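J.: Here is what each chain is made of, one letter per residue.
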Amino acid sequence: MKLRPCLDISLVGKPSGVVEVLTEPEVLYLPLRSQRFSFSQTSVTEGQRILPGQILATDPDNYGVPLIAPRAGTVRLEAVENHIVLEDVANEPEQKYDDPNGGAHAAKDGESLEEKRQKLLSLGAWQFLYDAHDESLPDPAGTPRAVIVSTLHLEPFSSRGDTQMVKRLSSFTRGLEHIQSLLEYQPIYLVMPDTQSQLAGKVRDAIRGYAWVKVVEVPLQYPRDNFTVLARSLGLQAERGEPVWAVRAEGVLAIDRAMTLGQPCTVRIVSLAGPAVTSPVHLRAMPGYPLNKIIPSRVHEGATRVINGGVLTGETIDPAQQGLDAECMALTVLDEQVDREMLGFVRPGGDRRSYSRCFTSSLRGRFGESLTTGLRGERRPCIACGFCEEVCPAKIMPHMIHRRLYQGDIEDALQIRVDLCVRCGMCSLVCPSKLDLRGQFIEAQNTIRQELHVEEVQA
Amino acid sequence: MKILRQLLDGSRKHFEDEGKLSFAKPLFDAMDNFMFAPSTRTAVAPHIRDPLDVKRFMSMVIVALLPCVAASFYFFGWRVLPMIIVSYAAGGAVEVLFAVTRKEDINEGFLVTGLLFPLVLPPTLPLWMVAVGVAFGVAVGKELFGGTGRNLFNPALVGRCFLALAYPKAMSAVWIQPGVDGVTGATPLVLAKQGTEKLAELSDLFFGNVAGSVGETSALALIVGGVFLLLTRVANWRTVVGCFVAAAATAAAFNLSDAAKFAPAPWHLLSGGLMLGVFFMATDPVSGPIKNGAKWGYGIIIGVITILIRNLTGYVEGMMFAILLGNIVAPILDEIAIYAHLRSLRSER
Numbered sequence: 024m025k026l027r028p029c030l031d032i033s034l035v036g037k038p039s040g041v042v043e044v045l046t047e048p049e050v051l052y053l054p055l056r057s058q059r060f061s062f063s064q065t066s067v068t069e070g071q072r073i074l075p076g077q078i079l080a081t082d083p084d085n086y087g088v089p090l091i092a093p094r095a096g097t098v099r100l101e102a103v104e105n106h107i108v109l110e111d112v113a114n115e116p117e118q119k120y121d122d123p124n125g126g127a128h129a130a131k132d133g134e135s136l137e138e139k140r141q142k143l144l145s146l147g148a149w150q151f152l153y154d155a156h157d158e159s160l161p162d163p164a165g166t167p168r169a170v171i172v173s174t175l176h177l178e179p180f181s182s183r184g185d186t187q188m189v190k191r192l193s194s195f196t197r198g199l200e201h202i203q204s205l206l207e208y209q210p211i212y213l214v215m216p217d218t219q220s221q222l223a224g225k226v227r228d229a230i231r232g233y234a235w236v237k238v239v240e241v242p243l244q245y246p247r248d249n250f251t252v253l254a255r256s257l258g259l260q261a262e263r264g265e266p267v268w269a270v271r272a273e274g275v276l277a278i279d280r281a282m283t284l285g286q287p288c289t290v291r292i293v294s295l296a297g298p299a300v301t302s303p304v305h306l307r308a309m310p311g312y313p314l315n316k317i318i319p320s321r322v323h324e325g326a327t328r329v330i331n332g333g334v335l336t337g338e339t340i341d342p343a344q345q346g347l348d349a350e351c352m353a354l355t356v357l358d359e360q361v362d363r364e365m366l367g368f369v370r371p372g373g374d375r376r377s378y379s380r381c382f383t384s385s386l387r388g389r390f391g392e393s394l395t396t397g398l399r400g401e402r403r404p405c406i407a408c409g410f411c412e413e414v415c416p417a418k419i420m421p422h423m424i425h426r427r428l429y430q431g432d433i434e435d436a437l438q439i440r441v442d443l444c445v446r447c448g449m450c451s452l453v454c455p456s457k458l459d460l461r462g463q464f465i466e467a468q469n470t471i472r473q474e475l476h477v478e479e480v481q482a
Numbered sequence: 036m037k038i039l040r041q042l043l044d045g046s047r048k049h050f051e052d053e054g055k056l057s058f059a060k061p062l063f064d065a066m067d068n069f070m071f072a073p074s075t076r077t078a079v080a081p082h083i084r085d086p087l088d089v090k091r092f093m094s095m096v097i098v099a100l101l102p103c104v105a106a107s108f109y110f111f112g113w114r115v116l117p118m119i120i121v122s123y124a125a126g127g128a129v130e131v132l133f134a135v136t137r138k139e140d141i142n143e144g145f146l147v148t149g150l151l152f153p154l155v156l157p158p159t160l161p162l163w164m165v166a167v168g169v170a171f172g173v174a175v176g177k178e179l180f181g182g183t184g185r186n187l188f189n190p191a192l193v194g195r196c197f198l199a200l201a202y203p204k205a206m207s208a209v210w211i212q213p214g215v216d217g218v219t220g221a222t223p224l225v226l227a228k229q230g231t232e233k234l235a236e237l238s239d240l241f242f243g244n245v246a247g248s249v250g251e252t253s254a255l256a257l258i259v260g261g262v263f264l265l266l267t268r269v270a271n272w273r274t275v276v277g278c279f280v281a282a283a284a285t286a287a288a289f290n291l292s293d294a295a296k297f298a299p300a301p302w303h304l305l306s307g308g309l310m311l312g313v314f315f316m317a318t319d320p321v322s323g324p325i326k327n328g329a330k331w332g333y334g335i336i337i338g339v340i341t342i343l344i345r346n347l348t349g350y351v352e353g354m355m356f357a358i359l360l361g362n363i364v365a366p367i368l369d370e371i372a373i374y375a376h377l378r379s380l381r382s383e384r
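Same order as they appear, the protein sequences are chains A and B.
Quick note on my numbering: the first sequence kicks off at 24 and runs consecutively.
Quick note on my numbering: the second sequence kicks off at 36 and runs consecutively.
Extracted from the complex, chain B is given alone in its bound form (with noise of 0.2 Å):
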C-alpha cells in the first residue's frame, strides 16, 4: 500500500504542466483517485460532508449487476468476459479521449456503461462490433452532450441501437441456448410472435435458462440486484413500481383479449429485456426525469410502449425503444412536474 503510494507521488511529476507526460494529467488523477480517495477539503461551509460520492453511487450499480453478470457467465460460458473487456477497453478509451482533449477529469460514468452494455447484445455478437457499439454510444450517447450528467439519452442504449440498426443480422439472427454450446435457437419473444403455443416456461424465465442477450435471461438475477438498489436507494422505486404495473396491465389486456394471440402478464414480466431495463436502465437518474411525479409517468410510459411494441409491431422487443422515448420525454414530465411543484410554493416567501 505504501509502495503504491510512493509510486504514485513519485511518477506525479511527469504528469504535472512542465512534465514530459502532461497530456495525460486526467489519466493519471484518474488513477490515483482510483486507488486512494482524494484529500481534497471543504472550502466553505458546510465544512463537512457526507460520504457518499459519485464513484461509490456508481460502484452500488456496478455491485448489484453482479448477480446478472455471474448468470450470465452460467448460461453463456466463457465468452462473455472477452465481451466485457472489450467493452471496458473501448469505452473507457473514448471516456479518456475526451477527458483528455477537455482537460477535464475522467467521469465514473462509464464504468456502468461498460459493463452495462454487452450485458444488452446476443452472446454470438463479434468482438469488434462490441467495440464500435460501445463507442459510439460513449460517444455520440453521452460525450457529445458534455458527458457524465449531461446526456440525454442512456449511453448503453444508444450503443445498442445503433448496432441494432447497422447490424440488424447480427444482432437478432444467432441466438445460442444456454447450456448447449453451439446450438442456435430462437428467443422467446420471437417464438411468442408465432402465437401463445410455444410459450416458454415461465420457470425458465425465472432463473433464465432460455436463449437471449448476454445479461437478460435470468430475472432471478436481476430482481436480486434491482432489489438491491432499491434498498440502497440509488434507483427510484417509483419508475420501478409504475413501469412493472404498466407492463402488466397492457400485456394483461391483451392476453384478455386474445389469449391465443398475445402472452400474459407474468410472462412478458420475465420474458426479454424487460427486467434489465427497468432495473438497470430506467433507473438511469441523468437520463431519466428528477421529480418524483415525473418518475411515475415515465415509468408507465417505459412500460406500455414496450408491450404495444412486442405485441403491435413487427418487432419483437421493445425495450430499448420504449426507454428511449422515454428519455425523449423525461424533460417534458419534469416540465409539468416542477410547474405543479412551483405553483404549490406560490403562497411562501
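This is chain A alone, in the form it adopts within the complex (with noise of 0.2 Å):
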C-alpha cells in the first residue's frame, strides 16, 4: 500500500524529554477497565492485605489478562465504583530496573514456547501486544507471521518512544531477543522514524547480527505509526488465523523486565501534555495513581478535558474515573472552547493552520498552535469538497462512505470498503462540514464485525 503524506500537526503543548518521578501514593484507585480490557473477574476479597505483583482481577474475555498491584496494601472493593482501592499502600522504591542479572543478553532457558507466553500474560506484559490489524490483544497461542516493534508514537501530545528508549538500550535489544525467543522464525519489524540518527545508528550496533530484526524507516507524520497503517505499508494484509502482531518501545521494555527479572510491569511512562498544561511532561506512574493528585496542579486554570490517550483517537476520561488505567500511555489536556470570535470566519486567519489553504496562515511557515475543543464552525451536510479522501491513510473515500452510512445502508458501505478504515480520525479533522466521519465508520465497523460474529455462530 502506498501512503500520501499526511498532517505535520505542529502544536504548542508537546511533552518534553524529561521523565518525572511520581511522589509514592498512599491510596491507588485501580480501574476495572482500560481501553481494550475489562477486569470483571475479582480474585482477592474485600480487607485483603496484597503483596506487590499480585493479582487483583483478571479479564475472562481475554486470555486472563491479569490487574496486578503494583504495591502492597489492603483491598477495598466496595470503596469506589468501578474501581479496586489499594489503602495503606506500602511505601516502597522501585527497584533498580536496569539491572539484570542476565548481562547484556538474553538468557538461554529452558522454557517452553507456551512456558514464556504464560509468564508474560501472568506479569503482565503480555498487554503490550496489539493484534496490529484491530489493535485487540492477541492469543497468547497463536503464531503470528511477523512482529512489528514501533517505536513511534505520531500522535500529537503522545510520549515518545525514543524517550523511553534513550536510556535503555540494552534493555530494549534485550528485549528484542526475548521476543524473537517467543517466536519460530518469523520476522521482527523495527520500525524507527529516521535510520540515520544517533539513536538509530546505536541501535543498530545493538541488533548488528539479529538476522531476523529488519528495520524500517517510516517518516514522523501522524498516522503513519498506526498498527494497521504500518503492517499494509510492510505488506502485511489481514489473514484469517495469520495475525500480525504489533507491540511499542515500552512494551519491549516490559518484555524485557519480565523475561530478565521475572518481575510484573506494574510501571508506566505516561505522558502529560496537551495546551493546557503548563509544563507538559512524562510522568513515570504505576496504574491507580489518583488522577487528582496528577492534574489539578499541572494545569492551568478553566475549564480542561482530560483524554486518555492523544487528542486524535483518545477518549474523554469519565468524571467518576479516580486512577491511572493499566493501558493509559498517555494523558491529554486541553481547554474546553469559550470564546466567541467576532466574524471569525473573514479574519485573515494567520494564527490557525489548516490542512486548507484558505487561511493566511498557508504563507507563513511551520509555527505551534494553541487549540481547544472548538468545533470551529457549524455542522452542514457533505460539499463534497475532497479533503478527507486526500488526507485518509486507508486509501477509503471518507465521503462516500457516509453517504451511504447517512442512508442507513451498511452493506454499501461494506462495497466501498468500510472495513479498511484505521480509526486515524484524520478525515474528522479536516472536514470542513464538520462532521464526526470517525465515529460514524467505528460504528458500522463494529455493527459489521458483531454481524459476521452471529453469522460464524450460526454457521
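It is worth saying that the hints were derived from the structure and are not from the lab.
The structure displayed is predicted, hence computed values, not measured ones.
Be a bit skeptical, because a hint or two may be false.
[Unchecked claim] Computed cross-link-like contacts, DSS-like style, restricted to lysine-lysine with a CA-CA straight-line distance of at most 30 Å:
1. B:Lys138 to B:Lys55
2. B:Lys233 to B:Lys204
3. A:Lys37 to A:Lys457
4. A:Lys457 to B:Lys60
5. A:Lys190 to A:Lys457
6. A:Lys457 to B:Lys138
7. B:Lys48 to B:Lys138
8. B:Lys37 to B:Lys138
9. A:Lys457 to B:Lys204
10. A:Lys37 to A:Lys225
11. A:Lys225 to A:Lys237
12. B:Lys48 to A:Lys457
Combine the two chains into a complex, taking the hints into account.
T.: Printed below as a string of C-alpha cells:
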C-alpha cells in the first residue's frame, strides 16, 4: 500500500524529554476498565492484605489478562464504583530496573514457547501486545506471521518511543531477543523514524547480527504509526488465523523486565501534555495513581478536558474515573472552547493552521498553535470538497461511505470498504462540514463485526 | 462588540422554544453565528478540528468574485448593485423559508449563489426577473433536492436556464456596450456567428470592454479570482485545466477546418461566459464529480460541449448548457472512477 503524506501537526504543548518520577502514593484507585480490557473477575477479597505484583482481577474475555497490584496494600472492593482501591499502600522504592542478572543478552533457558508466553501474561507484559489489524489482544497460543516493533508515537502530545528507549538501550535490544524467543522463525520489523539518527545508529550497532530484525524507516507523520497502517505498508494484509503482532517500545521494555527479572510490569511512562498543561512532561507512574494528584496541579485554570490518549483518537476521561488505568499511555489536556470570535470566518487567519489553504497562515512557515476543543464551525451536510479522501491513510473514500451510512445502508458502506478504516481521525479533523466521520465508521465497523460473528456462530 | 453580544444574548429568549418568535430560530441562529463564531465543542475524538468551515469555504468564493464584481461595476455602472441586492434578498428569502419550515440551519451556500446569479445575467434585465430567476434557482435547483450539499445542479445556472427559456427575449436581445450608456450592441459571440470578419479584439475581451452578461466580460478579473480559488484549493485545478484544454483543442480544430467561419481558440477562451463558467460554476464541488479522475472527464466534457454548441447550433453561447449537462454526467463519471478506485483496493484487507 502506498501512503500519502499526512498532516504534520505542530502544536503547542508537546511533552519534553524529561521523565518525572511521581511521589509514592498513599492510596491507589485501579479502574476495572481500560481501553481494551474489562477486569471483571476479581481474585481478591475485601480487606485482604496483598503483596506487590499480586493479581487483583483478570479479564476472562482476553485470555485472563491480569490487573496487577503495583504495591502492597489493603484491598477495598466497594469503596469506589468500578475501581479496586488499595489503601495503606506500602512505600517501597522501585527496584532498579536496568540491573539485569542476565547480562547484556537474554539468558537461554529451558522454558518452552508456551511457558514463556504464559509467564508474560501473568506478569502483565502480554498486554503490551496488539493485533496489528484490529488492535485487540493477540491470542497467546497463536502464531503470528510477523511482529512489528514500533518506536513511534505520532499523535500530537503522545509520549515518544525514543524518550523511553534512549536510556534503556540494552534492555530494549535484550527485549527484542526475548520477543524473538517467543517466535519460531517469523521476522521482527523494527520501525524507526530516522534510520540515520544517532539513536538509530546505536540501536543498529546493538542489533547487528540479529538477522531476524528488519529495520524499517517511517517518517514522522501522523498516522504512519498506526499499527494497521504499518502492517499494510509492510505488505502484511489481514489474514484469518495468521495475525500480525505489534508492540511499542515500552512493551519491549516490559517484556524484557518480565523475562529477565521475572518481575511484573507495574510502572508505565505516561505523557502528560496538551495546550492546557503548564509544563508538559513524561511521568513515571503506576496504574491506579490518583488522577487528582497528577492533573490539577499541572494544568492551568479554567474549564479543561482530560483525554485518555492522544487528541485525535483518545477518549474523554470519565469524571468518575479516579486513577490511571492499566493501559494509559498519554493524558492530554485541552482547554474547552469558551470564546466566540467576532466575524471569525472573515478574518485573515494568520494564527490558525489549516489543511486547506484558505487562511493566510498558509503563507507562513511552521508555527505552534494552541488548540481548544472547539468544533470551529457549524455542522453542515457534506459539500464534497474531497479533503477527507486526500488525507485518508487507508485510501478509502470517507465522503462516499458517509453518504451510504447516512442513508442507513451499511452493506453498501462495506462494499466501498468501510472495513479498511484505521480509525485515525484524519477525515474528521479536516472536514469543513464538521461531520463525525470517524465515529460513524467505528460504529459501522463494530456492527459489521458483530453480524459476522453472529453468522459464524450460526454456521 | 460587547454591546452586540449582549443584544444577541438578550434577545435569544424570544427565539427559544417558548418565545414568541420561535419560528424564526434558524434566522436568529444564522445571525448569531454569522456575527460570532459558535463556541460548539467537539463531542468525540478527534478532539481538535481544522479551522476551515463551510462559511469560510464559501466566503473564499465570494472573495474570488470581488475582482469580477468590481469590473462589472466599472463597465456597466451602478445598475449592477440593485441586481445583486435583489438577488441576495430573493434568494435569501427562499433559503430562510425552507430553513424555517424544515427547522434546519440556514446554509451558507446561497451567499455564493446570490452573488453568482446576477453576474450571469444581461445588465439590462428587469429586477423582478432577477428575483424570479434566483428564487426558482434556489428553490428548484437546490432546496427541492435537500439543500446545500445535496443538489444535483448548480442553482445559479438552474435559475439562469429558467429565465433563458421563460423570457428568451429579455435574456438575449438587449445588450449594452460598456462605457457608452444607452448604446446597445451585440455580444462578441453574436457577431462571431456571422463569420470571423467582425470578431472582437482579443484585448477588449481580455479587459472586458465588450457587451455581455454582467460578470462575464472581463477575462482578466475572472482569471485573478480563478487563480485565487485554485491557490486556496477551493476550486480543483483538474476541472479547470481539463475544461480549458478541451475547449481550446476543439475550437482550434474547428478553426483549422474553416478559418472564415469559426473563431480561433484564444478568442473562444476569452469570450462569453467560458471563464466565469469554468472558474466559478464548473468547480462547484457539490454539483460536479468528487473523484479526481472524474474531474478530468467532467472538465473535458464541459469544454468540448461549449464549443460544439457555440459553433454548430443555433445558440450563441453554450457554457450554461454544457455545465448543466456536465452536472448530469457527473454522477456517472464518479461511478466509473469509484469502480476503478475500489478495484485498486480489492487486495487490501
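J.: Holds or violated: lysine 37 of chain B with lysine 138 of chain B, Cα cutoff 30 Å?
T.: Holds. Lysine 37 of chain B to lysine 138 of chain B sits at ~29 Å (cutoff 30 Å).
J.: Within a Cα-Cα threshold of 30 Å, do lysine 37 of chain A and lysine 457 of chain A meet the stated pairing?
T.: Holds, at about 25 Å.
J.: Lysine 138 of chain B and lysine 55 of chain B were given as a pair; does the straight-line alpha-carbon distance stay at or below 30 Å?
T.: Holds, at roughly 16 Å.
J.: Does lysine 138 of chain B sit within 30 Å of lysine 457 of chain A, going by the straight-line distance between their CA atoms?
T.: 19 Å, holds
J.: Quick one, are lysine 233 of chain B and lysine 204 of chain B close enough, alpha carbons at most 30 Å?
T.: Given that 30 Å is the threshold and the Cα spacing comes to 23 Å, the pair holds.
J.: Is the straight-line distance between the alpha-carbon of lysine 225 of chain A and that of lysine 237 of chain A 30 Å or less?
T.: 15 Å, holds
J.: If you draw a straight line from the CA of lysine 37 of chain A to the CA of lysine 225 of chain A, is it 30 Å or shorter?
T.: 25 Å, holds
J.: Keeping to a limit of 30 Å between CA atoms, is the pair of lysine 48 of chain B and lysine 457 of chain A held or broken?
T.: 27 Å, holds
J.: Given the proposed pairing of lysine 457 of chain A with lysine 204 of chain B, does the C-alpha separation stay at or below 30 Å?
T.: Roughly 45 Å between the alpha carbons, so the hint for lysine 457 of chain A and lysine 204 of chain B is violated.
J.: CA of lysine 190 of chain A to CA of lysine 457 of chain A, is that 30 Å or under?
T.: It is violated: about 42 Å lies between the C-alpha atoms, which goes past 30 Å.
J.: Between the alpha carbons of lysine 48 of chain B and lysine 138 of chain B, is the straight-line distance 30 Å or under?
T.: Distance of about 17 Å is within 30 Å: holds.
J.: CA of lysine 457 of chain A to CA of lysine 60 of chain B, is that 30 Å or under?
T.: 21 Å, holds
The structure fails hints 5 and 9 (numbered hints given earlier, in ascending order).
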